[in-house]
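Peer 1: The chain contents come next:
Number of protein chains: 2
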Amino acid sequence: MRGAVLHAPGDVRFEERTDPTIINPTDAVIRTVATCVCGSDLWDYRGINPVGQPTPFGHEYVGIVEEVGDEVTTVQAGQFVVGSFFASDNTCPNCRNGYQTNCLHREFVGAEGCQAERIRIPLADGTLVATPEVPDDTYVPSLLACSDVMGTGWYAAVAAEVRPGDTVAVVGDGAVGLCAVVAAEELGAERIIAMSRHESRQKLALEFGATDIVAERGEEGIARIKELTGGIGADRVLECVGNAESMRQALHSTRPGGNVGFVGVPHGVSLDGEELFYSHVGVRGGPAPVREFLPDLIDRVLSGRINPGEVFDLQLPLSAVAEGYKAMDERRAIKALLKP
Amino acid sequence: MRGAVLHAPGDVRFEERTDPTIINPTDAVIRTVATCVCGSDLWDYRGINPVGQPTPFGHEYVGIVEEVGDEVTTVQAGQFVVGSFFASDNTCPNCRNGYQTNCLHREFVGAEGCQAERIRIPLADGTLVATPEVPDDTYVPSLLACSDVMGTGWYAAVAAEVRPGDTVAVVGDGAVGLCAVVAAEELGAERIIAMSRHESRQKLALEFGATDIVAERGEEGIARIKELTGGIGADRVLECVGNAESMRQALHSTRPGGNVGFVGVPHGVSLDGEELFYSHVGVRGGPAPVREFLPDLIDRVLSGRINPGEVFDLQLPLSAVAEGYKAMDERRAIKALLKP
Chain H
1 MRGAVLHAPG
11 DVRFEERTDP
21 TIINPTDAVI
31 RTVATCVCGS
41 DLWDYRGINP
51 VGQPTPFGHE
61 YVGIVEEVGD
71 EVTTVQAGQF
81 VVGSFFASDN
91 TCPNCRNGYQ
101 TNCLHREFVG
111 AEGCQAERIR
121 IPLADGTLVA
131 TPEVPDDTYV
141 PSLLACSDVM
151 GTGWYAAVAA
161 EVRPGDTVAV
171 VGDGAVGLCA
181 VVAAEELGAE
191 RIIAMSRHES
201 RQKLALEFGA
211 TDIVAERGEE
221 GIARIKELTG
231 GIGADRVLEC
241 VGNAESMRQA
251 LHSTRPGGNV
261 GFVGVPHGVS
271 LDGEELFYSH
281 VGVRGGPAPV
291 REFLPDLIDR
301 VLSGRINPGE
311 VFDLQLPLSA
321 VAEGYKAMDE
331 RRAIKALLKP
Chain Y
1 MRGAVLHAPG
11 DVRFEERTDP
21 TIINPTDAVI
31 RTVATCVCGS
41 DLWDYRGINP
51 VGQPTPFGHE
61 YVGIVEEVGD
71 EVTTVQAGQF
81 VVGSFFASDN
91 TCPNCRNGYQ
101 TNCLHREFVG
111 AEGCQAERIR
121 IPLADGTLVA
131 TPEVPDDTYV
141 PSLLACSDVM
151 GTGWYAAVAA
161 EVRPGDTVAV
171 VGDGAVGLCA
181 VVAAEELGAE
191 RIIAMSRHES
201 RQKLALEFGA
211 TDIVAERGEE
221 GIARIKELTG
231 GIGADRVLEC
241 VGNAESMRQA
251 LHSTRPGGNV
261 GFVGVPHGVS
271 LDGEELFYSH
281 VGVRGGPAPV
291 REFLPDLIDR
301 VLSGRINPGE
311 VFDLQLPLSA
321 VAEGYKAMDE
331 RRAIKALLKP
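Top line first, the protein sequences correspond to chains H and Y. Residues 1 to 340 in this note's numbering are what the first sequence spells out, letter by letter. Residues 1 to 340 in this note's numbering are what the second sequence spells out, letter by letter.
Calculated from the structure, these hints are not laboratory results. Remember, predicted model here, so these are calculated numbers, not experimental data. We put the beta carbon where it would ideally sit given N, CA and C, even for glycine. Any given hint could be a false lead.
On the chain Y side, residues computed to face chain H include the following (Cβ under 10 Å) [what the hints assert, rightly or not]:
1. Q79
2. C92
3. Y99
4. H252
5. R255
6. F262
7. V263
8. P266
9. H267
10. S270
11. H280
12. G282
Taking the hints into account, I'd like the entire structure generated from these sequences.
Peer 2: See the structure below:
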């Protein structure tokens, strides 16, 4: 089979790779229906995270089960499945607490590269969720979004404890930030302030339920959020970028007693204890426990309540994966969907 | 009147000071019934916070109202009152959200020194809570505890979102840590692990509802908490010290998805973004909005449900305030109560 391999910063190749097989009796092998390029992969693509050796790439996927190991009981060959980027047993104490991305037996599904024609999924029972039937193609982008960006935007809102009536600000207008707008809307936020300077992303944010757009950043962005919130800040702020500036923006845009949910993988972020203390702001982040939310998110997609697949503004054949990275790196695309 | 003044590290004097008077129509002046020495004052006493000039000292108090300004409507002369160390209007948006210590018009009551025979209380309506009648002397220590340490321990538990059935660990065995045990117990924690190496404090923690004592610290302390919690950490950890070591202890003793409530005023504490991210731990701290909890805490004291006044293991005349500081500095006393 063929799949994407990162050879060096900026050098993604679509090349022949070994076919995945069942290694453990808890594995499944799926035939990829769709995969995509994640903003977090750009850290590697840009060489900010060092790339030591040719590395299979990608960690988002939906597919059709081809084969399952002897111990797999909840999914079977022929089913359409959505899964998380972290494999989890879904039975350990951390999983039972709803934090499957901290499963005591977690494995990174992306380690073998999901931008490929076939993928081995470890711990299939605890990782994959099958749809009731093989869905129509029109649902594929939104179901694929659930495997990471929609699950991550959802977690941002859950981690920030978004409640009905809240005013929510979203920092970051990438796919995750836009999905965080969807999540805030679904969880009952009354006012959703999307921070974005890009017209196409502003438009999608408004379509997803944003009520206000703030184009300013830094001190001006903070002042603008305060202006929109009676001087005190937003009830909940969803940080969907992961650098020091975006975290500062988030913390300073939150009202005393409010919450920041942070899902941008942090690079160079540090929180000053004294500042956090006197702000009274609550903070929770982490890799989203997508598996926890999948059944609910799949329902919302299939019932037509949400349509997060709209974040894919570029669709390419999997063989053109390199162009997908390039387009996202240059911010020509919000998110690129790849079809084998 | 006379009151305590800090002249230099280690040099607290009980001396003649100007009598407080009504300055603003929202002020009250109270005659102090009891006041005390706070662990947080030791930062100044020890010279870790610089002391620039002779400074009136102390910020905890209960008293009898002597006089109120023209605009004060909820308390009147002759009433016994408990108040917070931060004056608040209790009507601004932050107060309405339950964060009176971030009141838009807050004033630090301790600025004029509460270890004194009389105290001016700004914003009396939003700061003081009167008891239904002047209470019996036996309730005074517990009511005094509510003005800071019990309110702060309560906030630690609220900030950490303690829920019925939880396993809670408390870092710090000072008066606040011990009151945090009381709070965890009242909020329904099933298991309460008190971290303490001092026999008298361990004993009081057990009396307050602790189910386990951990004497180890650092890596050993973390390992011990993990051992007691099925390997994953406590659901909620209440950080009641405020230094880098205690915060590390707290963060590493919390399970993924759990919470740290931090109420120790931080000195040299910084949280690494990446570490916090992958831990999935939620964090909230701050100066406790005591005013929010006072009506409930006063009820719990007067109904005999809680008896946080037991943290006072030393009682002195106010004139011996210097000895109170010395005893707490040398850890001979958990907390010193002072009576004019």
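Peer 1: Quick one: which hint numbers does this structure break? Sort them smallest to largest.
Peer 2: Going through the list in order, the structure violates hints 1 and 4 and respects the others.
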